[in-house]
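Participant: Each chain is listed here by its residues.
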Amino acid sequence: MADIALAAETPTAPPTKTTTRGGTTLWRYVLIRFLLIFPTIFILVTTVFLMMRVTGDPITAALGGQLTPAQLAERIEAAGYNRPLIVQYAEYLGGIATGDFGTTIDGQPVTEVLVRYGGATLELAIYALLVAFAVGIPLGMLAAWLRDTWGDAALRVFAILCYATPVFFAGLLLKLVFSVWLGILPSSGRASPRAELQLGRVEGATGIYTIDALRTGNPALIADVLQHAILPGIALGLLTAGVFLRLVRTNVIGTLATPYVDAARSRGVSEFRLVRTHAYRPALIPIITVIGLQIAMLLGGAVLTETTFEWMGLGYQLSEFLKARDFVAVQGIVALLAVIVALTNFIVDIIAAFIDPRVRY
Amino acid sequence: MSADHLAVEVTGLDVTFATDGGAVHAVRGIDLDVREREVLAIVGESGSGKTVTARTLLGLLPETATASGAVVVSGTDVVALRGERLRAFRGSGAAMIFQEPMTALNPVFPVGWQIAEGIRSHEKISKRAARRRAVDMLRKVGIPDPERRANDYPHQFSGGQKQRIVIAQALALGPRVLVADEPTTALDVTVQAEILDLLRQVRDEFGTAIVLITHNMGVVADLADRVCVMYRGEIVETAPVEELFRAPQAEYTRALLAAVPRLEIADRALRGGEDEAPVVRARALEIVYPGRFGAAGFRAVSGVDLEIRPGEVLGLVGESGSGKSTIGRAIAGLTTVTGGSLDVLGVEMNGVRERQLRPHRSGLGFVFQDPASSFNPLLTVGACVAEPLIVQGEARTVAEAEERVVDLLEAVRLPADFARRYPHELSGGQRQRASLARALTLEPRLVVADEPTSALDVSVQATVLGLFQDLQERFGFACLFITHDLAVVDLLAHRVAVLHGGRIVEQGATAQVLGAPTDPYTRRLIDALPVPDPVLQAERRAARRP
Amino acid sequence: AGDPGGSAGSGNDIIVGTTDTVTHLDPAGSYDNGSLTLQTQVFPYLVNTAPNSTDVVPDLAETAEFTGPSEYTVTLPEGLTWANGNDLTSSDVKFTFDRQLAIADPNGPSSLLFNLESVEAPDEQTVVFHLISENDQTFPFVLTSFPGAIVDEESFSADAVTSDDDIVAANAFGGPYSISDYTFNELVELVPNENYSGLVAPAANDSVLLNYYAESSNLKLAVEDGTVDVAYRSLSPSDVEDLSGNDALTVHDGPGGEIRYIVFNFDTQPYGAATDEADADAALAVRQAVASLLDREALSSQVYDGTYTPLYSYVPEGFAGATEPLKEMYGDGAGGPSAEAAAEALDAAGVETPVELSLQYSPDHYGPNSADEYALIEQQLEADGLFDVTLAGTEWVQYSDDRVADVYPAYQLGWFPDYSDADNYLTPFFLTENFLVNHYEDAEVNDLILQQASTPDAAEREALIGEIQQRVAEDLSTVPYLQGAQVAVAASDVSGVVLDASFKLRMASLTR
Amino acid sequence: MASATILDRIPLVRTARQAVGLQRGMLVAGLVLTGAFVLTALCAPLIAPFGYAQLADDAGTFPPRTAPGGEHIWGTTIAGYDVFSRVVWGAQTALVVIVVSVMMSLFLGVLLGAWSGYLGGWVDRVLVVVCDAVYAFPSLLLAIVSAIIISGGQSSLFGGIMATAISITVVFIPQYFRVVRAETVRIKQEAYVEAARVVGASTWRIMMRHVLRNATRSLPLIFTLNASEAILTIAGLGFLGFGIEPSAAAEWGYDLNRAVEDVTAGRWWTAVFPGLAIVLVVLGITLVGESLNDLADPRLRTRRRRLARKGSPK
Ligand SMILES: Nc1ncnc2c1ncn2[C@@H]1O[C@H](COP(=O)(O)OP(=O)(O)OP(=O)(O)O)[C@@H](O)[C@H]1O
Ligand SMILES: Nc1ncnc2c1ncn2[C@@H]1O[C@H](COP(=O)(O)OP(=O)(O)OP(=O)(O)O)[C@@H](O)[C@H]1O
Ligand SMILES: [Mg+2]
Ligand SMILES: [Mg+2]
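Top line first, the protein sequences correspond to chains A, B, C and D.
For the first sequence, the positions run 1 to 361 when our numbering is used.
For the second sequence, the positions run 1 to 546 when our numbering is used.
For the third sequence, the positions run 1 to 512 when our numbering is used.
For the fourth sequence, the positions run 1 to 314 when our numbering is used.
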């Protein structure tokens, strides 16, 4: 992530020669950018596949020592892990292309795991992003505005602290304060047991509790779900908020130093408006790009957050599968993450292209 | 003259910047006034305080600056102005036009919006009305189809158009004073001529007083009514424009005017040597830059025929983007030739491999446009100059090459101890001289010089050009001299080639091409070039007008 | 967290929190406590240990007894039905055991049925178990444990582990409860099964919600703030200690069957049979020295805050026949460590000190305290310069692989009994064919173990068990050192928490 | 003047001299924290009263769970380890992991990046896509997976530390690669590189003399940012139980993991000290890194300074 920050802190180069060449349109760009998703996914999936297999077949990895050699051999045979790696690889790729991510050691299709727990992680990520946006962007603008004053220094240190505090430590402290000492917020889980039971019974449940709770229209249920989301959302959100704060600050300062801001100033545009409009919008472009990369960090952080708060999502499952050495499941989840990361980056680039009239390939 | 006819009145302005390295006294007690409907030009070398003065007029100095004295613009004392009142003054009292139009426009907002924003900061009017005014303004500055184009983003306009938009932005608020800081420096001569016309029109139509900052004496001669010469933060001379050019009083002014290259059209065609094999011969040369992701490539140079004989200086002129640098780089083997033939020092460059080329490199020198960036910041000047020797195996270490390096530095009139300095410890002119020395290290038969003086001040440029001329005569190398300044070509080149849109439109002896151009484009180029003589320039302008 | 939707059971609904996990709801596919806890609530057992006793009494059965040396006959009352309405007859019982043996799932408990030859159902109400060896005193106990859960032959597959979802969908339950809502390892709702009749009184509560936690600290907070009413298995020692000071909560203790011990691989331990300097006496001396150096008190108080107690025998306290031979034989003779005794033993066998010992433990399988436990053991062994220990932790998956492949000379293991009989602490370990695979064999011990298992007379059997413990203590196949306790923490207004040697928490008795 | 120039050419010194006001304050604060960390790590044997796995001294076994004060100034853990000693020793582990991992990734990443960026072509494109893909991937996950594969579940001291270091290396290589490659691509087009090409310098010479040295100028900055990320990654691994065992070395993340139950029981000291250690070290290193970044970027350097540079063209 260090580099993410760097990349985005590189000045938004003032638009230099912008030639619209050979009729390259935005749509062409979208198409090309879309096609680029596939090599990315392909490489990630391949990397993961190879990493998972250098140690041997998944059955031995997970069950070796618990089964007799004969039983092992039988299961390996049945699962086809005794075939040449390249064949398995081809089959694996084929599976992914058709949406089949394999089966876990205890026989669940990975897709089922993904469907079941994906919603929870998505929900957590959204809460975290909300916190990150709500904290990072205004404070970042404030810091840019207060640039080189004590207020700025304090905000910057706050940003670094957000980033420097491991999610699990932050989670621990939050729990200590809000659950143990103040006793006002629940310490773990996505809802209290009874509420969870009710949510599970909602017709056509999405697995995203906030939505399910809203659909029941039961205020107690909604409150319960929201209460449970607060601490995990903050713990994970602050991590990203720190990064956003820094990014917004540097980019707004960067754009504040550009001649067009000076030009606007010379026209009598108010200082507030300079920060709010002239500097912020161009500064947003690198920020949006970084959000794409933040998704990766967010998912990594989700593993820790979900473990700390027992948020039954993909991150939590992933760490369980890793502990159990269930490499097929890991491979599947990771492949899904690869798809998500690649897709988010795609979407983010497209959004950036729409916001920034200059980006054209 | 009564005060209300003065649009700007500056008395005893003094500006100091606080820095760690002590105070920088940028402007030292200057007096200045501009009447309504008057164009006052401020000239002077780089760093003389022109920009600082201009910015003071709008109260745009950074916090670290302390200004004293009185600056009364449109009846308001700007120095004392703060906060909301300063904001209200900016734009309506005085407006500013910046040097680089592309950076003065916010890339992510439509231009119409940007103009309207200024209007709405000053008047309480509806969005729609503001937009209507913006469109009007765009029409006035000559943007075709303004209703539609108001919605376009800055990058969708050409450089000249962008400068027009910037001017429209400034004019939209009806300021009494327009401050223009080098408004045409970034533009081609033909575009520059249009913008100068527009400014003149603005003055006539709106009665605006204009403070024009420039270092181009041609521009001064073209537009200014009065001129103010600055030198090291002080005004050394103020005079009406004809007077200044006719009889400059201050010594500095005289030196400045003397350094300005003029189009005199001297016949300097190279005699003899017709039968010697040319060092460069291009036939139907074509260079295409590859496109991205299978998009069609960009044809920067097409069908160029060109010859440079030994000892000959060929001036290559043309507007920005016409392909001048591309040809120069192709000759040096830095850009791949994609079609036709290009023979350099007996090597066919089309399809050449770097390895084949390397032994012939010693016959070629290259002088880059920006002296600052053409030196590795981590190596001493001596090491840089010695590098060709080491690379070509004529010396093994920098120390071994020292003698030769000192000779070379002397040739370009740099003291020998400069060899131990780092590039950033040299001034721009000195660096360019070192760069010349490096190009000459291996006594090449051919030198490619890509706008070697365009980054320098006129006075520095004059010294470097003089030196270049001397060296060329002394070493007798052939040279491709790339420039956009016709006057510089006139000074140096034996022959001139005019490039337009990647094609050579005219080629021949300097006197012939510049004196009696046959091609309409060449003619336009020469006509658009403002001459540093107000009387002559007024005539040329009159002649140009239909 | 005072929200109407979620806080701990209102009325007579009880929420139980646990850190256990279920592997399979199907008794043929699981052999672990987490699964057993749930199975106990929803499946019927023919016989069971009565609350607060170790005697086996009929549960679902009307009568259950040996009707011959190798014939155990059970009769069922008439008119039993499953929660889904299917009839519960002897053929279900036969089906249950036949399928256990047929499936023999590697993760299942079928190995406990090693002595079962066949099951016969002569009529609807009678079941006859034919045993291989005679007078197997442990067989009734086996019926109370893992493989003893009876399943519905119409809902379960005869030759494969049936999936949890299918079981729940078929409502194939016959215990005190049936499952009305099932989210694997997250949340399970149990509602009383009206068709149940057996040893346990009908459910005293309206429903039980089982909530699974991953971290004991979260479970602890949940029981503390009232999100759950009862926390059962497994709170960390320090959590328990902390909660015991809370007035709103009651800490319930029960006998613990869990033990911790160090296994020596007789082939690869120092001076082991397969080493270059093989020397049986020296090898024994090394084991003796270890036994003498362990400070069990320190381990108990330092690492486990007293929730684990010192163990000086193979059969833990609370089981009929348990003795404490190691207490006098090693250390200072009173349970404390003794460096002199250890040095003496080593010296006598001519062993050079310090002995280099490589000791392995699993950082993840027996709870996070294992790391501390073994750090302390290392320190105890090294304190007097008699040992030079190389300590290494290996994750369980790898560990269970390596341990049986003679990779570790000495290593940590724990044991949780399958049923509450002393035999369960002897047979699996010290028969020539044992699950430790540590190459320990002693023909006499082997015979004694087989003999006690078929001795119907209780006093005689206890004497045999005592003798076996004494013999093994001399050989030191393993060095046991800690015994766990069962702990449940419940809100003070919850009653009916019974923790006994059956190691089953019966949720039906929980009430508020 | 001459000495000032030489001094000015050393990255850290130059920037420290350039900095003013608050920016200097932040840089100095960062340097102090980082320096304290490095010193603690190097002098751990002298500073720590006990060993990281020590459970008893001559006076007997340490009492577990004692509050700060007395013989154990920061208290003891559940297991009876001295918190202060473990935090001090933990600095050593962290430093070793940072140094090993960052060095390895620096070496590989820089070489690959410069090579790929300068030569371009097919290999470059593939490498870029691969690195981008890996880079876009949650780094903690990558580290976990690598840790499992490398350590095979074993936890010896060397194995544990190396596994952690190598897995972090895997994560970082793409970062160095990206930065160095981007710089190389930029520098490749600089006039001074073209100047060298024009005189016929060999590719190798250009790479070594002109490109590499200039391309690595931003590395101190990335180095610091990566170092802080490395700490967070080890801590994350330790927290999830994929890291280093307590008997092998002291590791803050692991200690925090073990402190979870303490926190809920109100024993704050076992969590707060290692947690603060992580936070402070990351804070210190990041402050240094950010200050370097600011100072390297004229737009971010404090205004006063920016003008000062323009202001003395002597
Ligand atoms: N913000 C600033 N802080 C410190 N010194 C400054 C600042 N702005 C300008 N100066 C100094 O003030 C002097 C005048 O600068 P100014 O920009 O007015 O020159 P100029 O005449 O416009 O030159 P040019 O032709 O290169 O634009 C220079 O020495 C410059 O270094
Ligand atoms: N690397 C490149 N890839 C694609 N197009 C290029 C590249 N370099 C230059 N061009 C395009 O080729 C054309 C010719 O460029 P060139 O640099 O030769 O112009 P020039 O005459 O030197 O202009 P200037 O006076 O601005 O230096 C321009 O339109 C430019 O945009
Ligand atoms: Mg200027
Ligand atoms: Mg050019």
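Please note that the accuracy of each hint is not assured.
[Said to hold, decoys possible] Stretch by stretch, here's where chain A covers chain B in the computed footprint (C-beta under 8 Å, at least three residues): (1) 160-174; (2) 260-266.
[Stated by the list, open to error] Facing chain A, a subset of chain D residues (Cβ under 8 Å, in silico): (3) 35; (4) 99; (5) 148; (6) 275; (7) 283; (8) 286.
Simulated from the structure, these hints should not be mistaken for laboratory data.
Here a beta-carbon is modelled for each residue, glycine too, at the ideal position from N, C-alpha and C.
Participant: Next, verify each hint and record whether it holds.
Facilitator: Quick rundown of the hints versus the structure:
no.	hint	in the structure
1	160-174	holds (count 4)
2	260-266	violated (count 0)
3	35	violated (17 Å)
4	99	violated (17 Å)
5	148	holds (7 Å)
6	275	holds (4 Å)
7	283	holds (5 Å)
8	286	holds (5 Å)
Of the numbered hints listed earlier, those contradicted by the structure are 2, 3, 4.
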